[in-house]
Amino acid sequence: MRIDEQNSNTGDMELDAALKNFRESMHGWSEQEFSKTRVIRRSRWDAAWRAIASPAMAWTMSCALLVASVGGSLTIHHERQVEAARQQATLKQQQMEQEKAAMMAENKAAATANSAMDDDELLSHVDSDIAQAAPDAMQPLAILMSDSGSAGAEKSADKQ
Amino acid sequence: MATTTTVLESMGKPAVATALQREAASNSAAEFAEVASRFRPQIFRFLLASLRDPDAAETLTQDCLLKAHRNWASFRGESSVMTWLLRIAINLQKDHWRSRRLQFWKQTSNNSVDAEEAGNWLPSGESSPEQQTVAKDQVRLVWKAVKGLSERQRTVFMLRHVEEMEIHEIAGAIGLSEGTVKAHLSRAMVRVRAELGGKR
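Protein chains in written order, with this note's numbering: chain A, 133 to 292; chain B, -18 to 181.
It is worth saying that the hints were derived from the structure and are not from the lab.
Remember, predicted model here, so these are calculated numbers, not experimental data.
Worth double-checking, as some hints may not be accurate.
Partner residues aside, some chain A positions facing chain B, computed with beta carbon under 7 Å [to be verified]: (1) L151; (2) R155; (3) M158; (4) S162; (5) E165; (6) F166; (7) T169; (8) W191; (9) T192; (10) A274.
From the three backbone atoms N, C-alpha and C, an ideal C-beta is built for every residue, glycine too.
Taking the hints into account, I'd like the entire structure generated from these sequences.
Here it is as structure tokens:
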């Protein structure tokens, strides 16, 4: 019984000594580390978040965001307007070209019709001219010409 | 404070109320600065013992004091200032372990000291080289046992045997009953005893 108590006491004493040494060791280490100058580590995300969260940075970023959103929407609106104008101009040009083509075709048809009419008129005019009787003063020449025409025909018949 | 302000403002003296507020704020700041400088080494020591990482301990000490400063006005003095500060430190330490567990896949800078290495710090007493060697061995074995403890057991053990806090103070700091604290401490001591006994 006494031996057990003695062993237990020895064990407790050793435990107490170990705990005391542990405590003193911890205190010594802590004092040594505490007296060191140390830069506090911050994660990159933490640093970035702190930078973003600072009032000046937040103000700058919100201004930039506002300018970007307003500028972006204006640019988009402007581009849409330009595109619409371009499409309208293209449409107009196409319409004009179609009208022009139609007009040209119409003109051409009219011209063709006119020229046909002119030819007919000219022919009828020539016919009428030819059919017109020679003036009295020119009658002998006309007779002569008709004679020579018939004489020439006779000559060619003779040759054959 | 709020009552004083209301009374003074109802009396039509806002300038006096503002001056009093400013004075109270200034007193509060001075009071907190004193508290911070007094308890900072102790908080650092507890966090260093728990984390074995001087840089992390310093960072968490700063965070703890920052948090305490923000909530200084709401501190009602129901527990001692040290218990209150340690409660904040324990919560921060828990968050730290949690984030470390979550970030296990991330290559983070880790300055933690191994238990073997932590046992190298010994107070330069007047003991003989043999005694120094024995003490160093004992410290190494205690660290080895502490390494195998659960987070809560380790916290209780550190508060009891490094900070030399009473059971009811530990219970107040951790937010557990005294019985639970005793149970955790008992399990921790069994482990330490076994480690030291295994050496013999």
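Hints and how they fare:
no.: 1; hint: L151; result: 5 Å, holds
no.: 2; hint: R155; result: 6 Å, holds
no.: 3; hint: M158; result: 5 Å, holds
no.: 4; hint: S162; result: 4 Å, holds
no.: 5; hint: E165; result: 4 Å, holds
no.: 6; hint: F166; result: 5 Å, holds
no.: 7; hint: T169; result: 10 Å, violated
no.: 8; hint: W191; result: 24 Å, violated
no.: 9; hint: T192; result: 26 Å, violated
no.: 10; hint: A274; result: 125 Å, violated
Checked against the numbered hints given earlier, this structure breaks hints 7, 8, 9 and 10; the rest are met.
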